[in-house]
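Enquirer: In case it helps, the numbering used here puts the sequence shown at residues 912 to 1296.
Wrong hints could be hidden among the right ones.
To be verified - Computed Cβ-Cβ distance ranges for the label pairs, DEER-style:
no.	residue 1	residue 2	range
1	P1136	E942	43 to 49 Å
2	E942	T1164	39 to 45 Å
3	E1107	P973	23 to 29 Å
4	R1257	C1064	23 to 29 Å
5	E942	P1009	31 to 37 Å
6	R1075	H1119	30 to 36 Å
7	P1136	R1239	23 to 29 Å
The set of hints was computed from the structure by calculation and includes no laboratory data. Ideal placement from N, C-alpha and C gives every residue a C-beta, glycine not left out.
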Amino acid sequence: MRWSSAPISWRSRAVGEALERPAPNAALRIEPPRSILVVRALQLGDLLCAVPALRALRAAFPAACITLAGLPWAREFAARFERYVDAFIEFPGLPGLPERACEVEKVPQFIAEVRSRRFDLALQMHGSGQLLNPLVALLGARQCAGYCGEGACCPDPDRFLPWREDAHEILRYLELLRELGLPASDPRLEFPLSAEDRAERARLAAIHGLERGRYVCLHPGSQLPSRRWPARRFAAVGDRLAADGYRVVITGTAAESTLTEEVAARMHHIAVDMTGATTLGALAALVEHAALVVCNDTGISHIAAAMKTPSVVVCCGSDFRRWAPLDRERHRVLYHPVACRPCACRVCPIGHPCANGTEADRVIAEAQRMLATFSNFDASQACVG
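Let the hints inform the model, and build the full structure from the sequences given.
Expert: What follows is the structure in structure tokens.
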């Protein structure tokens, strides 16, 4: 399967950049690696935010073998971003990490497999390192780098930077690479689409009568309930935009069907419910052709940023300083200020004031403004953002 990011051929562009790059200089703070391990065992949005750093790694070391250690689902991510990632190792989890239940019996096997590969460089790109840094220190890489929060294990004081909670996630890892002496200044997101992705989108569009630029996507789900804006307010937004002449497409995973069904049921206009009906790639292709995305602060907001599709992102318990799209003109970020943000709770124990404080009328007004502003945006430029 071949992935494309029309109109730019990123594979040829990366080769061109490599050919034009000057020879390494004394500022490089690592020995040029032939093999690199990137540890980032997180979800879709988290990995998309790491793409600019992966792109910079590839440009700096075009011949290196770059391996991603991630959650099981990320095998698909590694395949989609094959221009930057050469191999994948499934991360079995660790006690205390919330991203997956730890398969304790597989941790020694994971460590042994990584050590056997004798990586030249291991990059801890998972977080502050409270739990991951001790593991990275055991992986046997000749060099390692990353971030170190207060009180965390620091495998290498020269190559681990102090963790800042307020740093934007995209810029954070570009900063890490710059501190290692690598050119890393391009924060654009991207999401390559295959011919199969585009064909699936075209099939769905034909079935449901969706015209490019004449529909909006509502994505009411998020992994954590505390990150979800109320379904009734998504429905209110959908009804207003439908009254303005747009088709409304509701998207989500099959596991979110109860939530998306509630949004559809609360709407007075008929929406196209695509819940569980698309692959990730086809969803991205649908977003590429949409006039607007309205969503929570979750993975699809980063897909919209990659596709340059305008969006209105409602941030509930999340830290918008870290996760909101960097382009605040094309992507509007709405939030209600509360003292308890950012929140680590799965379910809010105090009535969800961060979500309830953002009224539907505010989101509707912003959505209408975005549609008026970007109604003639050039969607052919959509794959790199």
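Enquirer: Could you run down the list of hints and mark each one as holding or not?
Expert: Here is what the structure says about each hint:
no.	hint	verdict
1	P1136 <-> E942: 43 to 49 Å	holds (46 Å)
2	E942 <-> T1164: 39 to 45 Å	holds (43 Å)
3	E1107 <-> P973: 23 to 29 Å	holds (27 Å)
4	R1257 <-> C1064: 23 to 29 Å	holds (27 Å)
5	E942 <-> P1009: 31 to 37 Å	holds (35 Å)
6	R1075 <-> H1119: 30 to 36 Å	violated (45 Å)
7	P1136 <-> R1239: 23 to 29 Å	holds (27 Å)
Of the hints listed earlier, the one the structure fails to meet is number 6.
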